[in-house]
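Number of protein chains: 2
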Amino acid sequence: MSEIRKHYFLDEHCIIASGRSKRPSAPKAYSDEQVSSKCAFCSGNEDQTPAATAVYKGGMILRDIDEGRIKDWDIRCIPNLYPALSPQTDNGMLSKKPTTKTLKGYGFHEVIIEGPDHGSRIQRFTDSEMLLLMKVYRDRVLHYRSHDGVEYVSLFKNWGKKAGASLEHTHSQLIAIPVMPSTMVKELVSIKQLDHCPYCRIAQNESGGERCIYENDHFIMLAPYFSRVPYEIWIVPKQHIESLSSFNDDMLSYLGDCIRRAVTLLDKAIPGLAYNYMFFQDQDPDYHLNVRIAPVTSIAAGFEMNTGIYINSTSPETAVKHLLENT
Amino acid sequence: MSEIRKHYFLDEHCIIASGRSKRPSAPKAYSDEQVSSKCAFCSGNEDQTPAATAVYKGGMILRDIDEGRIKDWDIRCIPNLYPALSPQTDNGMLSKKPTTKTLKGYGFHEVIIEGPDHGSRIQRFTDSEMLLLMKVYRDRVLHYRSHDGVEYVSLFKNWGKKAGASLEHTHSQLIAIPVMPSTMVKELVSIKQLDHCPYCRIAQNESGGERCIYENDHFIMLAPYFSRVPYEIWIVPKQHIESLSSFNDDMLSYLGDCIRRAVTLLDKAIPGLAYNYMFFQDQDPDYHLNVRIAPVTSIAAGFEMNTGIYINSTSPETAVKHLLENT
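Keeping their order, the protein sequence lines are chains A and B. Just so you know, we're using the working numbering here: the first sequence kicks off at 23 and counts up by one. Just so you know, we're using the working numbering here: the second sequence kicks off at 23 and counts up by one.
Excised from the complex, chain A in its bound form:
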């Protein structure tokens, strides 16, 4: 049973998810070679997971039934076995203190298994595999966004133990929540006070500059001037577009190209690097979708927690030089 709790006096939330402490500990190594027969995400082990909510196979979208599981799939979406939130939860107001406020633990937590093979890595995905993954991202966000009570769908990938991945089989995650996250509220409030879209301006200003890593027809990939962590990368559409739901297949294909390229460059520059990537998007037409890739090379410690200010030991300009060194 999870519970979403509001801060004493700030518009911030945390999720108390006691069920998640039962998760198995993370694997010890992330080796391309290691193929575990016990991995529940591997092709053939479908019955070790909850029934899939969506199975992408040969151009079709299917769904597991209780009696059996679909085999030979391309991408498989399953409910997280240790969900942070759950659609069944309805535990009402738990706290009797007037300064505190308890929200329901309502929500959805889904795992997107990006491919059937344990050793697969998105940097080796073909164009069509990458496009399919982007389509799944779009589909699943749209699917959960349309549920009553869902205010935001967080779509992200944790890669590597240091980035919080508890299983090594390549996967993304999606958590649909009944509150608007403070990160998005803060951005939207600031954006609405401007007479222009700051992301449109970032895309224009950074184009061709020392922080630009790559550009294609629809996107710019850059190391942001404001980089919280070493080798942070942002992918920003050149066109003002608020969310994945407005992406056509052509744009999805270009986006997939950017993500694969970013991950490939990072892995070449710092082999085995753990990273998180996150989609920032909203239904509000003032928002401008962006994807942020945050490699894990350091620890946010006391100073960062105290001030919200990150100390980054590698400037984005230096990171770009390193990333593009051997290209």
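Since the hints were derived computationally from the structure, they do not count as laboratory data. Keep in mind that the hints are not guaranteed to be accurate.
With a Cα cut of at most 25 Å, we get these calculated SDA-like pairs of lysine to any residue [claimed, not checked]:
| no. | chain 1 | residue 1 | chain 2 | residue 2 |
| --- | --- | --- | --- | --- |
| 1 | B | 157 | B | 271 |
| 2 | A | 28 | B | 308 |
| 3 | A | 79 | A | 94 |
| 4 | B | 184 | A | 294 |
| 5 | B | 260 | B | 230 |
| 6 | B | 184 | A | 332 |
| 7 | B | 28 | A | 210 |
| 8 | A | 28 | B | 229 |
| 9 | A | 28 | B | 210 |
| 10 | B | 208 | A | 31 |
| 11 | A | 28 | B | 32 |
| 12 | B | 208 | B | 164 |
| 13 | A | 208 | B | 210 |
| 14 | B | 260 | B | 217 |
| 15 | A | 214 | B | 28 |
| 16 | A | 126 | B | 234 |
| 17 | B | 157 | B | 140 |
| 18 | A | 28 | B | 214 |
| 19 | A | 208 | B | 207 |
| 20 | A | 79 | A | 195 |
| 21 | B | 28 | A | 230 |
| 22 | A | 183 | A | 344 |
| 23 | A | 290 | A | 189 |
| 24 | B | 214 | B | 268 |
Given the coordinates of chain A, assemble chain B onto it according to the supplied hints.
Frame of chain A, contents of chain B only:
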């Protein structure tokens, strides 16, 4: 040369501190037994560090001179060899992009070596050692707060490699910065909209409750209802008091008792646990000082970075039961 950079359009900052990438890598283990003759923080190795800015010895406050170092000290404050910010920096506006803003890399970064012995731990500090540490905290914050251009002094302790400590000899740190951190701005804006102090109310409401860990005459130690991480602990003065500078020695002594007790309980419940603790305080009389202890048991990953919402697998109520189990 460090540089404080403002976010493209939010009132947030990061510090680009390229010099810090030269830091030696963190030690491999945190063993009570291990005594390294090479540790620059150990008594006898004073000449391996920059000259101390303040040396506390037998009730006196001294200062190293270039020709020699003070020996047999109780607590020693030195400039960080790999500072995030530096008083000498004055590199002006580095960026030519109109959407970005560069601040000076001005500031101070100090290490407070809490004792001469490599194996010392604050949970074994005597009352007078603990009181001295609190006095040093108060002195050093006051000292830097009075410098021109300093807007905030962040005082914190990282304990254990997983909490970002790059050296194992017990120490705290202080970073004085020329901007008001977004964490404090956000809190102060919210507090000023209320007709009461939320921390005064927290201290009242949590007193004697299921989240209360300990109380003495001046402080309450609690697991906050809004706990971002498992076993998070807050220490809140019962009296409305904005910063350490207003603490008399009696209050410092009670505060030291709380911090030592918190660290002792955490270490008993989860031996070897890494943690960060941070002082939240301000000169604004509306603020109410509080100390937050954040143990490191999990990783803030994609979801947390995307939403600012932390998933905590142990409720504060459960954590308190565990912490008080054997007391």
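Inset, instruction - Take the C-alpha atoms of residue 28 (chain B) and residue 230 (chain A), compute the straight-line distance between them, and say whether it is at most 25 Å. - result: holds, 22 Å
Legend entry - Hint consistency between residue 157 (chain B) and residue 140 (chain B) [alpha-carbon to alpha-carbon, up to 25 Å]: This hinted pair holds, its Cα atoms lying about 21 Å apart.
Inset, instruction - Take the C-alpha atoms of residue 184 (chain B) and residue 294 (chain A), compute the straight-line distance between them, and say whether it is at most 25 Å. - result: holds, 19 Å
Inset, instruction - Take the C-alpha atoms of residue 28 (chain A) and residue 32 (chain B), compute the straight-line distance between them, and say whether it is at most 25 Å. - result: holds, 23 Å
Inset, instruction - Take the C-alpha atoms of residue 290 (chain A) and residue 189 (chain A), compute the straight-line distance between them, and say whether it is at most 25 Å. - result: Holds, at roughly 22 Å.
Inset, instruction - Quickly compare the C-alpha distance for residue 79 (chain A) and residue 94 (chain A) to 25 Å and report which way the hint goes. - result: holds, 7 Å
Legend entry - Proposed proximity, residue 268 (chain B) with residue 214 (chain B) (alpha carbon, max 25 Å): holds, 21 Å
Legend entry - Given pair status - residue 234 (chain B), residue 126 (chain A), alpha carbons within 25 Å: holds, 24 Å
Legend entry - Restraint check for residue 28 (chain A) with residue 229 (chain B), where alpha carbons must lie at most 25 Å apart: Holds - the C-alpha atoms of residue 229 (chain B) and residue 28 (chain A) are around 20 Å apart, at most 25 Å.
Inset, instruction - Quickly compare the C-alpha distance for residue 208 (chain A) and residue 210 (chain B) to 25 Å and report which way the hint goes. - result: The given pair, whose Cα atoms are some 16 Å apart, holds under the 25 Å limit.
Legend entry - 25 Å Cα cutoff - pair residue 184 (chain B), residue 332 (chain A): holds, 17 Å
Inset, instruction - Take the C-alpha atoms of residue 260 (chain B) and residue 230 (chain B), compute the straight-line distance between them, and say whether it is at most 25 Å. - result: Satisfied, since the Cα-Cα distance of roughly 13 Å is no more than 25 Å.
Every hint, counting from the list given before, is met by this structure.
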